[in-house]
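Protein chains: 2
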Amino acid sequence: MTLNSLDDDLTKRLRAALPDDILRDVEPRYLSEPRDSWPGQAGLVALPRSVDEVAAVVRVAGELRIGIIPYGGGTGLVSGQVMPEGPLPLVLSLERMNKVRAVFPEENVLIAEAGVILADVQAAAEEAGRLFPLSLASEGSCRVGGVLGTNAGGVNVLRYGNARDLCLGLEAVLPDGTIWNGLTRLRKDNTGYDLRNLLVGAEGTLGVITAATLKLVPVPAETGTALLHVASPAAALSLLSLARDQLGEGVSAFELMHRTGFEFLSEALPDLRQPWAQAPEWSVLIDVGLARGLDPQAALAELFEAAAEHELADDGLIAQSRGQAVDFWNMREHIPEANRKIGSIVSNDIALPLGEVAEFIDRAPGALAALGDFRINCFGHLGDGNLHYNIFPQRGATRADYAGVASDVKRVVHDLVQEMGGSFSAEHGVGRAKVGDLERYGDPARLAAMRAIKAALDPLGIMNPGAVLA
Amino acid sequence: MTLNSLDDDLTKRLRAALPDDILRDVEPRYLSEPRDSWPGQAGLVALPRSVDEVAAVVRVAGELRIGIIPYGGGTGLVSGQVMPEGPLPLVLSLERMNKVRAVFPEENVLIAEAGVILADVQAAAEEAGRLFPLSLASEGSCRVGGVLGTNAGGVNVLRYGNARDLCLGLEAVLPDGTIWNGLTRLRKDNTGYDLRNLLVGAEGTLGVITAATLKLVPVPAETGTALLHVASPAAALSLLSLARDQLGEGVSAFELMHRTGFEFLSEALPDLRQPWAQAPEWSVLIDVGLARGLDPQAALAELFEAAAEHELADDGLIAQSRGQAVDFWNMREHIPEANRKIGSIVSNDIALPLGEVAEFIDRAPGALAALGDFRINCFGHLGDGNLHYNIFPQRGATRADYAGVASDVKRVVHDLVQEMGGSFSAEHGVGRAKVGDLERYGDPARLAAMRAIKAALDPLGIMNPGAVLA
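Protein chains in written order, with UniProt numbering: chain H, 1 to 470; chain B, 1 to 470.
The shape of chain H in the complex, shown without the other chains:
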C-alpha cells in the first residue's frame, strides 16, 4: 500500500479535519537524532493534548493515507523517530500529554501520560516514598511513550528489568484509530493475548502509546557503590556471580568498563575527576541497595575480600560518601559523551549470553584486525550481557580515514555476535538504522509472524512506516 506525501492539499485537509491548535509547522528539533546521522523530513507536527485527540489524528491520517511518526523525547539512537526518505509523514509528538495522572504508593503504582519525561516519573515516585528504577543517560529528556515504545534499558535492568518489566498496563491508540483502555493496576491478569508487550518495543509501528501504568518499587534502605579493578571480563562475571550469591537481588547495577573509556575521558573531558593516576585495564562499577539491617560498605568490603581471595579483583574503591559514589557514576555516564567527541567509526549495542561475554571480548579484536587498526571502547551493562562495543580510529587518524570499512566493521561484529547466540540490538531497538540487520539475522519464522501481525493491525501501513520492518 503506497502512502501519500503530506503535500499542500493534504495539509489543508488535515487542518480542516482537526482542531486548529493541534497542528504546527515542524521545528528542526523534530528532524534530527542525537547522533545526527539520519536527518529526517516532515512538514507538520501534531501536538494532541488527549487520547481522544491522538485518536482523531490517527483516524484522519488513515483516511488520507499519511504516515505517522510517533515522537517522544527524540533521544533514540536508531532513527526510529526520524524518517529520512519516502512520502512526507506527519510527526505526532506526545509532549503535551505530560501529566502524572495518579500515584498509588501503597500499590507501588504510578500512571503517567506518554509525554512525561522519565526524570519527572522518577521525581514523582520519590515524592511518594517510592523508586521508579528505570535509569538511563537520557532520562532528563526522554519520555514515557518512547521509553516504552523502545523498551528502554539502562543501568538497573539487572535488578529491576527493562521498561517492559516495569509496565503493568497501557492506554493506546491502535492504527485504526480505536482507543485501547488498558491502564490496569493489576499484577495478574490472564485474560487473553499480551497486547501490552506487543506494543512495548514495537517502536510505534503498531499503535501510539498515550499513557502507562508503571510499577514502582520500595526504596532500598541503604545503598553503596564500589569501583573494583578486575583481572579480566571473565573475572568480572565470576565477581557478579559471587555478588549475587552474597547479596541476592541487592545488586542493582554492575557495569564493566575498559581502560580505553577512561583514556577517552582524559582526552575529551579532561576536567572530569578520575579517582586514579593510572586506570586499570578492566574495572566494574557496582551499586547495591540493601534491606534494613545490612551495611552496604561492609557488604561491599566483604565482597571485595572474597573477590581478592579468588583472584578476581586486586584493588578498588568503596565509596565513602554519596558524593564519591556520584563521582564514580559521573565517569561511567560521561563515557558516551567522550565517545561522541572522539568520534566512533561504528557503535554497537550488542547482547550476549552471559557465559559468552568474555569469549566475545577475547575474539572480536582478532576478527576486526584484518579490517584496520582500531581503538575499541568496550563498556556496558555486564549484568545483562549488554556491551556497548564501539570502534574508533587510532590516535592521530580520523573517522574519514575509515569511511570505506565502517559497514564491514559492523558486519564482522554482528556476525560474531550472531554466531555466539547474541543480539545486534540489546536495548536501542531496530528503528530504521537496523532494519537490514533484522532481516539478515532475524529468525525467518519470527519475521514472517511479525509481518503478519503488522499487516493485521496496521493494514494501511501508516504507523511509523519503514521502522522495524521494511
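Read the hints as simulated data drawn from the structure, not as lab findings. No residue lacks a Cβ here, since even glycine has one placed at the ideal position from N, Cα and C. Check the hints yourself; a few may be wrong.
Facing chain B, from chain H, some residues (calculated, C-beta under 10 angstroms) [what the hints assert, rightly or not]:
{"id": "1", "residue": "V109"}
{"id": "2", "residue": "D176"}
{"id": "3", "residue": "L199"}
{"id": "4", "residue": "V326"}
{"id": "5", "residue": "I376"}
{"id": "6", "residue": "R395"}
{"id": "7", "residue": "D443"}
{"id": "8", "residue": "I453"}
{"id": "9", "residue": "A455"}
Listed next, the stretches of chain B that the computed footprint assigns to chain H, with coverage defined by at least 3 CB atoms under 8 angstroms from CB atoms of chain H [unchecked claim]:
{"id": "10", "stretch": "418-430"}
{"id": "11", "stretch": "439-449"}
Pair ranges (Cβ atoms, derived) [to be verified]:
{"id": "12", "chain 1": "B", "residue 1": "A400", "chain 2": "H", "residue 2": "E222", "range": "28 to 38 angstroms"}
{"id": "13", "chain 1": "B", "residue 1": "R411", "chain 2": "H", "residue 2": "A102", "range": "24 to 34 angstroms"}
{"id": "14", "chain 1": "B", "residue 1": "E106", "chain 2": "H", "residue 2": "P19", "range": "15 to 25 angstroms"}
{"id": "15", "chain 1": "H", "residue 1": "K99", "chain 2": "B", "residue 2": "A400", "range": "16 to 26 angstroms"}
{"id": "16", "chain 1": "B", "residue 1": "E106", "chain 2": "H", "residue 2": "S321", "range": "26 to 36 angstroms"}
Given the structure of chain H, go ahead and fit chain B onto it with the hints provided.
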C-alpha cells in the same frame, strides 16, 4: 473457516502422513480436567518426540483442516485442554519432549522442553545450586509448555513474577508449521515484536511451545516463615507494605486466608494438623528469603512487633523449624483440596488493584446476599491482589440446592470486580470456560486486535479452536 471432524478417513490420512509411533488412541486422562466439569472429546492423541515431529503434526493438521488441542500436564482449570463439542480434534501432547536440554548456572539459565514437569525443572535448578521460583499446587504434574501457555502464577509471583517473567526465550511451532528458533539466553534483545510474550498466555491458540529458556535465581541464603493473625484484609495490606519497606524484595510470598478455609480443612481433611484451637478470622502466611547476614526469624519477629504496634496483627507464629514451616504451608496448599471435597457453587480466580482488595472483600458478600445464603472461602495471593473467591453452599445444603443461581453468582462477583478495575481471571486464563467473560468484560479495541492477530497467525483456525476467542 469450518474445521473437519477427525473421522475414520482423516485418521487414516493422518496415520499415513506421520510416523507410526506418533499417533495413539486417546486415553481417558486426556479428556477430563481437574474439576471434571468439562469432559472433552477426541479420538487420537499425537505424541511427538521432537520439534520437527511437532511441526509435521501441525502441518498435516493444517492440510487436513483438523483442530489441534495442545496438551501439557492437563492441570488447567478453565478447560483450555479439553474440547467438549465441535469437530473432533487431535490432542497434541508434549509429554515425550521431556528433557532439560541444558543448565547454565553461571548465567542463571535453564533450557527445558515443553513436556518437562515443573517439579523436575525445580529439581534441576536445585541441583545446579539455583532456584526456579515458580511454585504452584500442581507442580508435580503440570508441564513447562502448559505453564507458559497459560502464564501460570502461584505463590511466589510477588517476588519473582509469573511464568511470563521467568521466560527468556521460546522454541515454538507456529500455526503454519514453521519452527521459530527463539531459545535465546539473552537478558536484553530489542529486535522487533515480542513474539515470546504473545505466545506466553495465548493458551495454545497461536502456536505450540516446544521448549523454553527459563530464568533461574540465586537461592536466598536464609529463609523464614510466619503465620500472623491480622485484624482485617486492610490490615493485611498495610502489613505487606510494612514488610516490603523493611525487607525489600525479601518477601517471597504473602498469602491471605479466611477462617472459612480452616473450617473446611477441619471438615474435609480432619487429619491435617492445624496450629491453633480456634483459627483467627483473617491470617497471612509470609515467606521471606534473605541475603547473607540477616536472620529471618529475627526479621519476622521485628516485623510482627511493628505490626502489633500499628494494630495490624495481634498474634501469630514464627516457624521455628523447616518442619513447622512445611506444616504452615501444608494448610495453605490443602485448602483447594478441601474446597473440592466441600463442593463449590462457583470458583472465582480474580485480581484487583491492591488498594481495592479490602473494599471488594467488604462489599462482595452484600452484593451476593440477594442470591442466597452462602459460605464464602476467600483466600489467595494477596501480594498480587489475586483472590480465590469461592462460593459454597451453607452447611447442610448441597450444590444442587443452588443450581439455579450459579451463573448469577458468578456474574455478580465479576461485575463487581470489573467495576473496581479488576480481572475475572488472574492466573487461570480464559480457556473455554471464560470465553463469555472475555467477550463481556474485555476492552473492545483489544478484543478486535486479538481477533486480528489470531486470524493473521492462524488463518485456518486449527490451533486450540474455541479457546480464548470464540
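Does the CB of L199/H sit less than 10 angstroms away from some CB of chain B?
-> holds, 9 angstroms
Supplied contact hint for R395/H, tested at 10 angstroms Cβ to chain B | violated, 32 angstroms
Is the hinted range of 15 to 25 angstroms satisfied by the C-beta distance from E106/B to P19/H?
-> violated, 58 angstroms
Lying within 24 to 34 angstroms: is that true of the beta-carbon distance R411/B to A102/H?
-> holds, 29 angstroms
Are there three or more residues in the stretch 418-430 of chain B whose C-beta lies within less than 8 angstroms of some C-beta in chain H?
-> holds (count 10)
Do the numbers back the hint for V326/H, that is, is its least Cβ distance to chain B under 10 angstroms?
-> Status violated, d = 23 angstroms.
Does the nearest C-beta of chain B fall within a distance shorter than 10 angstroms of the C-beta of D176/H?
-> With Cβ-Cβ at 8 angstroms, under 10 angstroms, it holds.
Hint check, D443/H versus chain B [nearest Cβ-Cβ separation less than 10 angstroms] = With a minimum Cβ separation of about 5 angstroms from chain B (threshold 10 angstroms), the hint on D443/H holds.
Identify whether the interface hint at V109/H stands, where standing means a beta carbon of chain B within less than 10 angstroms of its own.
-> holds, 7 angstroms
Taking the closest Cβ pair, is A455/H under 10 angstroms from chain B?
-> holds, 7 angstroms
Hint validity - I453/H Cβ closer than 10 angstroms to any chain B Cβ = holds, 6 angstroms
Holds or violated: I376/H as interface residue toward chain B, Cβ cutoff 10 angstroms?
-> violated, 20 angstroms
Hints 4, 5, 6, 12, 14, 15, counting from the list given before, are not met by this structure.
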